[in-house]
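Chains A and B, in that order, are what the protein sequence lines are. The first sequence begins at 1 in our numbering and counts up one residue at a time. The second sequence begins at 1 in our numbering and counts up one residue at a time.
If you are wondering where the hints come from, they were derived from the structure by calculation, not from laboratory data. Be aware that a few hints might be false.
Quick list of the computed label-pair ranges, beta carbon to beta carbon [unchecked claim]:
1. A:ASP33 / B:ASP108: 36 to 44 Å
2. A:ARG115 / B:GLU3: 45 to 53 Å
3. A:ARG115 / B:ASP12: 22 to 30 Å
Negatives, chain B to chain A, calculated, CB over 10 Å [what the hints assert, rightly or not]:
4. ARG40
5. GLU43
6. ILE55
7. PRO65
8. PRO67
9. LYS112
10. ARG118
11. GLY123
12. PHE144
13. GLU145
14. LYS154
15. PHE169
16. TRP181
17. LYS183
Quick reminder that beta carbons are idealized off the backbone N, C-alpha and C, glycines included.
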Amino acid sequence: MRTINSKEITEAVIRLAIQKAYEIGDDILKGFDWALTNEKSETGREILQQLKENAKIAAEGVVPYCQDTGMAVLFVEVGQDLRIEGDLEEALNEGIRRAYVDGFLRKSVYKDPIRRVNTGDNTPAIIHYSIVKGDQLKITFGAKGGGSENMSRLSMLKPSDGIEGVKNFVIETVSIGGANACPPLVVGVGIGGNFEKCAILAKKAALRSFQVRNQDPFYAEIEEELKEKCNALGVGPMGLGGTVTVLGVNIEVFPCHLVALPVAVNINCHAARHGEIIL
Amino acid sequence: MAEYRLIAPLKDDDVVKLKIGDKVLLSGIVYTARDAAHKRLIELLDKNENPPFEIKGSVIYYVGPTPPRPGKVIGAAGPTTAVRMDAYAPRLMKEGMKGMIAKGKRNDSVKKAMMEYRVVYFGATGGAGALINRCIKKAEVVAFEDLGPEAIRKLEIEDFPLIVVGDSFGGDLYIGGRMKWEKKE
Ligand code: SF4
């Protein structure tokens with residue numbers, strides 16, 4: 001049985017979380033270039049240029065890309081043949097704690113949703129575990145901004161609403177909240193499962209590169225169609241009007257109960273900070 | 001769509017020439033405040049106590065920056081979503097606040113108060129925290145230090161790039177801009 005020490009996990013999380021706060025991913029940079037050739041509004045193009053410039057300055061490693069360095073979300077896949085020395089959860093949270101303190105990132109987590117006192121170190125992270133085959137540990141990290149998260153929605157549709165109902169719900173969500181979520185957006189859509197499963201699917205989708213299409217051609221086509229329809233809304237960069245509102249729409253699906261059609265839309269902003277490590 | 005260079009604090013004359021879509025490079029002094037700081041400001045005003053800065057003519061920037069590295073004045077400092085301040089903004093307009101910098105849509109009572117008191121709402125580019133950092137030359141906490149990133153800071157800014165997203169005539173670029181580009185089926 002393979003063994004890894006929890007300290008190694010902490011170190012890897014620190015590096016990843018700091019790096020992502022300063023260096024926006026290649027997918028988003030490519031997205032800005034695509035947006036610049038497709039944006040017809042002059043104001044919109046100026047905003048996109050500012051975002052490119054912002055990415056360049058942040059990549060120097062002194063000032064983070066966005067001041068909302070997010071609440072940390074971790075999808076952790078633990079190989080069943082792997083033994084971890086030490087406390088896994090504490091190792092993950094220690095990684096986040098050190099990244100946000102040592103990396104000069106903003107601490108945006110409150111101890112209690114009603115009594116609102118800052119925890120001071122951006123922990124706890126929101127962690128989703130799964131046990132998988134093999135002897136590796138895979139961590140997918142997202143630093144999720146609060147402004148875009150607030151524009152996300154979930155609905156328990158009726159099966160008779162069908163795929164058209166799903167599409168309308170996605171488009172409506174972008175139409176209502178898109179302007180406040182720092183477009184151009186990456187839209188994560190979870191379809192199926194149950195109440196909580198579809199929200200988790202939507203989060204996974206929001207943390208996926210928007211350049212990767214769903215493996216099922218049926219859903220890949222719907223992703224493309226939704227991208228086009230969201231961009232026809234006119235919301236535009238920063239919501240000030242234009243022809244690029246989303247960089248992409250990502251869909252994740254799961255089997256569901258015969259009476260159900262849950263759908264969740266998790267909005268991610270252009271500061272879609274995500275990355276993964278395999279140990 | 002005109003372009004202007006303005007210096008804060010602002011006067012009525014500055015405000016009334018601005019229309020939605022105009023571009024502004026703003027320099028001078030602005031104050032930062034978010035939800036918690038707004039709440040405390042209003043409490044002070046309600047008790048007839050002096051606010052920690054001159055509200056007349058002021059421009060308030062809704063921002064919660066990242067901590068500065070040693071030797072730096074401030075960290076990433078892009079705008080936060082304005083709607084959380086909608087409940088407080090009209091009261092500050094009544095006291096003479098002339099401008100707000102943030103991102104996102106405002107409610108009708110804010111827009112009405114902006115017409116009544118001649119106030120402008122500037123949009124800064126959301127998520128451009130590193131770019132905006134370069135426009136901030138000095139930062140100093142002036143009140144509510146215990147609020148951390150949400151404390152009130154006095155910022156000295158230079159050529160902060162802004163777009164007029166709400167003007168003092170009821171114009172709203174979040175509506176007007178989108179109407180221009182929305183494709184009807
Ligand atoms: S919505 Fe995203 S880009 Fe905008 S301020 Fe929040 S984290 Fe930053």
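Hints and how they fare:
1. A:ASP33 / B:ASP108: 36 to 44 Å: holds, 38 Å
2. A:ARG115 / B:GLU3: 45 to 53 Å: Since ARG115 (chain A) and GLU3 (chain B) have Cβ atoms about 47 Å apart, the given range 45 to 53 Å holds.
3. A:ARG115 / B:ASP12: 22 to 30 Å: 42 Å Cβ-Cβ, so the 22 to 30 Å window is violated.
4. ARG40: Label holds. Min Cβ-Cβ 14 Å, cutoff 10 Å.
5. GLU43: holds, 16 Å
6. ILE55: holds, 24 Å
7. PRO65: The assertion about PRO65 (chain B) is violated, with a minimum of 5 Å to chain A.
8. PRO67: About 5 Å separates PRO67 (chain B) from the closest Cβ of chain A, which leaves it inside 10 Å; violated.
9. LYS112: holds, 20 Å
10. ARG118: holds, 22 Å
11. GLY123: violated, 6 Å
12. PHE144: holds, 14 Å
13. GLU145: Non-interface label stands for GLU145 (chain B): nearest chain A Cβ at 14 Å, farther than 10 Å.
14. LYS154: holds, 18 Å
15. PHE169: Given that every Cβ of chain A is farther than 10 Å from that of PHE169 (chain B), nearest at about 18 Å, it holds.
16. TRP181: violated, 4 Å
17. LYS183: violated, 4 Å
Checked against the numbered hints above, the structure violates hints 3, 7, 8, 11, 16 and 17; every other hint is satisfied.
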